[in-house]
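Asker: Quick note: the sequence shown uses my numbering, first residue 145, plus one each step.
Any given hint might turn out to be false.
Unchecked claim - Straight-line alpha carbon distances no greater than 30 angstroms define the calculated DSBU-like cross-link-like pairs of lysine-lysine that follow:
1) Lys297 - Lys167
2) Lys313 - Lys376
3) Lys161 - Lys184
Stated by the list, open to error - So the derived label-pair ranges between C-beta atoms look like this:
4) Gly353 - Arg186: 24 to 30 angstroms
5) Gly290 - Ala231: 45 to 51 angstroms
6) Asp210 - Ser269: 48 to 54 angstroms
Calculated directly from the structure, the hints in this document are not laboratory data.
All of these numbers come straight from a predicted model, not from anything done at the bench.
All C-beta atoms, glycine included, are put in the ideal place defined by N, C-alpha and C.
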Amino acid sequence: MLGMASEMEIMMQDLAKDVGKLKDHTNYTRWHSRLRRALKQRDSRFWPTLTGANKPPVLHKLYLPDDNVVREGLAEQHIVPLESISADQIVDHINKTVHEPNASLSAWQAIDQKLLPLFLVTLGSHLQFHVRLAKTGSDAYHIIEGMFHGPAKHYVWANWINCTFSTQKTATEFVHRWRRALDEVLYLFENDAPSLTCQLSQFMAAIDGHPGTMSWAREASFDMSDASLMEKVFRSFLSRLAKFERAANGLKVHWNI
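Make a model of the complete structure from these sequences and hints.
Answerer: Written out as structure tokens, the structure reads:
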């Protein structure tokens, strides 16, 4: 029906809405996370194919016999003159006797063909220029990864290190910002992520110097083997800051994370 969007067009529109556009290294981590989640939700094969983890099956060359060889064989089989064997008979014989040796390749290619247009709708127009020669979604993905993954790692690490507690922000605002910065570091660094000891040390450095945190930092004691260490640190920190603010202002303060 005219005017009706195809299934592929609808998928592209939905993906662009769910993921948004990659602009630069400042939103790379969020874009990458959303893209991975959105593609996995649509088809479990999309993400590993895009990243190259799901490699194409080995391409076997398809042997196609020469037309003259087929004509001679058919003429001999049916005991008829060579000229009586038509082109249609030759094609029919080849189709019946020559089979695709790698059917899984066709399935992989069908997925791969969808990924390039899907990937492009998540890129800002200035970035689409850089992948204009890409033949597959995987090619385009690795071009963008080469441009942004390294710089983005430096950016999110610096953003985390520079996130400090000041009197201009509430404790809740600070914890939200600091935790979000840490989440980006953990996402991008994955197998090389900072240890819990490093995370706690950085948090202590981030709150150093604030009058309400000095006694808490000296007295705080945590189990470093606890996987939920940082969540307990946040709650303990906010609880102490609430007491400090109440004592300083004579007000009832609620901290929520």
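Asker: Against this structure, judge whether each hint is valid.
Answerer: To see whether the hints hold, each was checked on the structure:
Proposed proximity of Lys297 and Lys167 is supported: the alpha carbons are some 16 angstroms apart, at most 30 angstroms. Taking the CA atoms of Lys313 and Lys376, the gap is near 21 angstroms; set against the 30 angstroms cutoff, the hint holds. Restraint check for Lys161 and Lys184: the C-alpha separation of about 16 angstroms stays at or below 30 angstroms, so the hint holds. At about 48 angstroms, the beta-carbon gap between Gly353 and Arg186 misses the expected band of 24 to 30 angstroms.
A hinted range of 45 to 51 angstroms for the beta carbons of Gly290 and Ala231 is consistent with their spacing of about 49 angstroms. Between Asp210 and Ser269 the CB atoms are about 49 angstroms apart, so this pair conforms to the stated range of 48 to 54 angstroms.
Hint compliance for this structure: hint 4 alone is broken.
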